[in-house]
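If you want the building blocks of each chain, they are given just below.
2 protein chains.
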Amino acid sequence: MKPIGIFDSGIGGLTVARAVSEAIPGHPIVYFGDTAHLPYGEKSAELIQHYSVRIARELLDLGCGSLVVACNSASSNALDAIRETAGPGIPVIDVVTPAVNWVSSKYDEGTIGVIGTRATIASGWYQSLLTHAGLTAQAKATPLLASAIEEGFQHGRVSSALIEAYLGQGAFDSVKAIILGCTHYPLIANQIAAQLPSHIELVDSAHVVAHALKLAIQEQLANQISAPASSSSLSTQRFLVSDLTESFALGAQRFYGSPIALQERKLTTAQD
Amino acid sequence: MKPIGIFDSGIGGLTVARAVSEAIPGHPIVYFGDTAHLPYGEKSAELIQHYSVRIARELLDLGCGSLVVACNSASSNALDAIRETAGPGIPVIDVVTPAVNWVSSKYDEGTIGVIGTRATIASGWYQSLLTHAGLTAQAKATPLLASAIEEGFQHGRVSSALIEAYLGQGAFDSVKAIILGCTHYPLIANQIAAQLPSHIELVDSAHVVAHALKLAIQEQLANQISAPASSSSLSTQRFLVSDLTESFALGAQRFYGSPIALQERKLTTAQD
Numbered sequence: 001m002k003p004i005g006i007f008d009s010g011i012g013g014l015t016v017a018r019a020v021s022e023a024i025p026g027h028p029i030v031y032f033g034d035t036a037h038l039p040y041g042e043k044s045a046e047l048i049q050h051y052s053v054r055i056a057r058e059l060l061d062l063g064c065g066s067l068v069v070a071c072n073s074a075s076s077n078a079l080d081a082i083r084e085t086a087g088p089g090i091p092v093i094d095v096v097t098p099a100v101n102w103v104s105s106k107y108d109e110g111t112i113g114v115i116g117t118r119a120t121i122a123s124g125w126y127q128s129l130l131t132h133a134g135l136t137a138q139a140k141a142t143p144l145l146a147s148a149i150e151e152g153f154q155h156g157r158v159s160s161a162l163i164e165a166y167l168g169q170g171a172f173d174s175v176k177a178i179i180l181g182c183t184h185y186p187l188i189a190n191q192i193a194a195q196l197p198s199h200i201e202l203v204d205s206a207h208v209v210a211h212a213l214k215l216a217i218q219e220q221l222a223n224q225i226s227a228p229a230s231s232s233s234l235s236t237q238r239f240l241v242s243d244l245t246e247s248f249a250l251g252a253q254r255f256y257g258s259p260i261a262l263q264e265r266k267l268t269t270a271q272d
Numbered sequence: 001m002k003p004i005g006i007f008d009s010g011i012g013g014l015t016v017a018r019a020v021s022e023a024i025p026g027h028p029i030v031y032f033g034d035t036a037h038l039p040y041g042e043k044s045a046e047l048i049q050h051y052s053v054r055i056a057r058e059l060l061d062l063g064c065g066s067l068v069v070a071c072n073s074a075s076s077n078a079l080d081a082i083r084e085t086a087g088p089g090i091p092v093i094d095v096v097t098p099a100v101n102w103v104s105s106k107y108d109e110g111t112i113g114v115i116g117t118r119a120t121i122a123s124g125w126y127q128s129l130l131t132h133a134g135l136t137a138q139a140k141a142t143p144l145l146a147s148a149i150e151e152g153f154q155h156g157r158v159s160s161a162l163i164e165a166y167l168g169q170g171a172f173d174s175v176k177a178i179i180l181g182c183t184h185y186p187l188i189a190n191q192i193a194a195q196l197p198s199h200i201e202l203v204d205s206a207h208v209v210a211h212a213l214k215l216a217i218q219e220q221l222a223n224q225i226s227a228p229a230s231s232s233s234l235s236t237q238r239f240l241v242s243d244l245t246e247s248f249a250l251g252a253q254r255f256y257g258s259p260i261a262l263q264e265r266k267l268t269t270a271q272d
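Protein chains in written order, with this note's numbering: chain A, 1 to 272; chain B, 1 to 272.
Heads up, some of the hints might be wrong.
[Stated by the list, open to error] In silico contact screen, one side only, chain B against chain A (beta carbon under 8 Å); selected entries:
| hint | residue |
| --- | --- |
| 1 | S44 |
| 2 | P91 |
| 3 | L144 |
| 4 | S147 |
| 5 | D243 |
I should point out that these hints are in silico values taken from the structure, not numbers from a laboratory.
Bear in mind the structure is a predicted one, so any value in this text is a computation, not a measurement.
The beta-carbon is built from N, C-alpha and C at its ideal position, and this holds for glycine as well.
Produce the complete structure using the sequences and hints provided.
Printed below as a string of structure tokens:
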């Protein structure tokens with residue numbers, strides 16, 4: 001079984017890695033967090049493409065047979081470049097399309113909210129896909145939210161003040177659902193829900209992405225998932241970061257949901 | 001007159017650039033914000049050194065005759081490497097030493113607080129210099145504060161909640177002064193002061209750094225500052241960033257205090 005390569009600008013994509021490991025138990029995974037260059041959400045599209053392609057190459061060099069772009073900023077700004085790097089034989093799953101597909105399968109009309117990094121929202125890709133599905137998009141960049149969650153501000157005054165600043169004062173009251181367009185946001189989904197009207201559904205893409213990946217692998221590499229779930233699956237999971245600091249090591253468990261060990265792996269070209 | 005090269009991981013160091021241009025009017029300045037790689041405050045010492053040395057080289061290539069490391073994370077983690085790159089003929093001014101010198105000239109004893117990024121505090125350099133000066137250091141990393149200010153959260157509930165989380169509940173009540181060990185913090189100095197006991201002095205290093213630079217230049221390059229203040233000084237100032245996005249362009253004025261135009265200058269080696 002070729003490993004599934006999952007990457008993000010940092011450790012937020014571990015929420016997706018967890019969902020994938022639950023959806024396809026026993027399948028080897030290589031996770032790569034580009035902590036040397038995070039956050040992607042504040043960078044230009046060109047630079048996000050440059051970094052994303054390099055990590056895609058790294059994961060392919062490590063033998064991965066499929067790629068999950070577990071970063072909304074990279075999915076929105078670099079997917080074509082990543083697909084080109086991967087070539088036709090490697091399924092590339094992004095986190096945007098499955099979320100929009102899921103929403104459009106549930107809602108025929110109305111306004112859907114999207115929140116994400118500046119790069120994700122500026123790309124306009126969520127908006128374009130939602131519009132194409134006959135829905136109206138209400139998108140807003142909420143750039144400090146991911147950093148706040150990464151710093152552990154999850155259920156107190158800081159995150160509450162941020163949610164109020166970004167989503168409060170009735171700004172989103174007319175939407176049917178809000179897509180949490182950043183892998184960090186699921187960690188404060190409960191608090192967001194509590195500060196919004198109760199009719200608004202929050203859409204966490206991690207699980208729909210994991211489901212989409214499972215379908216893609218079943219379709220293209222059917223024999224690979226026929227292996228039975230293995231109790232030693234953890235030993236076939238590797239979690240790599242391009243710059244390892246103590247705070248990333250400590251934060252990893254919070255995103256993954258259980259203890260994991262990060263290893264530093266410098267990128268093959270100089271980290272400049 | 002050779003320009004003064006001033007650099008930071010982003011646009012926060014513009015507070016220092018402004019102070020320098022006020023202290024040494026008419027002197028040409030080249031500012032470099034490494035927006036492609038910010039924030040340095042979350043990176044390892046090794047990576048901060050790598051990025052800092054590259055920017056120092058870039059500024060020397062642009063003809064700068066002195067360097068100001070207007071970033072506390074770089075000053076704390078990469079100063080030796082930057083000095084080695086600059087060589088003996090180029091004065092290199094950091095933002096840590098002048099702040100500690102200023103504090104130790106005013107206080108003979110007692111506890112001095114320091115707040116900064118994770119990389120700044122983890123380096124232990126402020127603490128070491130304060131201890132060497134006979135003072136007791138109380139240091140705390142306040143990592144989300146700089147991002148919040150960069151996002152424009154300056155005088156409302158978000159910054160108030162952060163100040164309370166990091167500095168509240170009497171944690172700093174016994175200090176005589178707190179060094180604002182990050183170039184972003186001066187923008188919320190008033191709010192920090194309002195939430196702390198009134199006896200605590202806040203030390204903004206931008207002005208003491210500008211003064212130290214003026215002395216260094218007077219000492220080593222006396223002829224260079226004998227030129228009269230020029231009303232056309234703005235035309236001799238260049239503000240470069242390694243990745244230009246709209247939000248940096250908009251934010252620059254807030255840090256510099258008046259409108260300036262950022263130009264993108266990719267680093268000479270590939271931005272990887």
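Hint-by-hint comparison with the structure:
Taken as an interface hint, B/S44 checks out: its beta carbon lies about 5 Å from the nearest beta carbon of chain A, inside 8 Å. This hint is violated: B/P91 has a C-beta 26 Å from the nearest C-beta of chain A, more than the 8 Å allowed. For the restraint placing B/L144 at the interface with chain A, the shortest Cβ-Cβ distance is roughly 5 Å, inside the 8 Å limit, so the hint holds. Proximity of B/S147 to chain A holds as hinted, the smallest CB-CB distance being about 5 Å (cut-off 8 Å).
The interface hint given for B/D243 holds, since its Cβ lies 5 Å from the closest Cβ of chain A, which is under the 8 Å cut-off.
Checked against the numbered hints above, the structure violates only hint 2.
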